[in-house]
Amino acid sequence: MEEELSKGKIITEVTVAGQNFSWNTEEGNFNFQGEAAVLFWISSAMKSFFDTIEEVSGHESARIVLETTGFRQGIVVGDYFKSQNFSIKEVAEVLPNTYASAGWGKITVKSICQKENKAIIQMKDSWEYQINKAQGKEQYGTFIPGHFAGMLTGLYGMNIWYRVNKSQIEGEPYCEFEFFPSEQTIERNIHDLARKEQAQQIISLERLVDERTQELNELVKEISSPIIPVLEGIVVVPLLGKYDENRSEDLIQTTLFNLPKYRAEYLILDLTGLNKEISQYTIEFLNKLASSASLIGTQTILVGISPQLGIAITETNFNLSKFHCFTNLQYGIYFALSQQGRKIQ
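For the sequence shown, our numbering begins at 63 and goes up steadily by one.
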């Protein structure tokens, strides 16, 4: 009905299923049970709201956000019922009409037990189901079951959680939510989600590090011991740093693969950049590389032998007499040219 107020304002009031609704269109206010409320279209405006939450936070995070919001709103409702001194039985009686009049869908309280702090609530065609259907979802929403878990938490005075026995969006004729005491809390869910996201971020970072490390290793292989064709039939391989098993095998394979490509008659190994701490493995690696090159018809020349390397070589079985050795790269190139009957003008 419409009622004139003393200040000239017009308020429209209506009672539906025992619930009071009122509008003050001049002030733009809408009240439900004496509290300010708001109306939205479900399959358009509210769907857009849900879509935006998911777009911003992601699917899994959105489910936790909606569940947490529903739970905390439910606590408010539970506290309201307690403030009105409603018994659990009275709550079960008014619950269907209260929510139905607000457009939440058809609710049936299948069972409710204060002694065990449990309840089973069935819902059909809820507003969340309608939104999920409009979104094309195949999994139940979390707002409404979270909401009733919060409401019962407020009523029972202890933490209540839920499980979904039936889901309308998954083909059942209605949703059925079972509520019970649990150590599962919204705070724990938020914490678990944060840890899950952190773990996913760590995995992504580890994957990125592995990829970058692989790229770096490939780059190091290319630049640490490059094969340089300095003149026709003459290639130089500068050895840099320390060689372990993997790096040594890579260099041997790369060198032997490229020597025929450059038609190399002479392979000059420049030892100037080798690590000062020469290991027995490094000596064996040099011998293996030089011997392998000779098998495909390429003679090896060693240049840049430091005093430390010379001493280390003399303490091994590495026979230097079968290789030509020079103090620097320039002399090694001059020698290779002379062997070819050529010289630099």
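No lab work stands behind these hints, which were simulated from the structure alone.
Since the model is a prediction, treat every value here as computed from it, not as a measurement.
Please note that the accuracy of each hint is not assured.
Calculated cross-link-like contacts (lysine-lysine; reagent style DSS-like; alpha-carbon spacing at most 25 Å) [claimed, not checked]: (1) K168 to K144; (2) K144 to K109; (3) K323 to K405; (4) K384 to K405; (5) K186 to K109; (6) K186 to K228.
Results of checking the hints against the structure:
1. K168 to K144: holds (23 Å)
2. K144 to K109: Not satisfied, since the Cα-Cα distance of roughly 32 Å exceeds 25 Å.
3. K323 to K405: Given pair K323, K405 holds - Cα atoms ~23 Å apart, limit 25 Å.
4. K384 to K405: holds (24 Å)
5. K186 to K109: holds (18 Å)
6. K186 to K228: At roughly 11 Å apart (the allowed maximum being 25 Å), K228 and K186 satisfy the hint.
Comparing the model with each earlier hint shows a violation of hint 2 alone; every other hint is respected.
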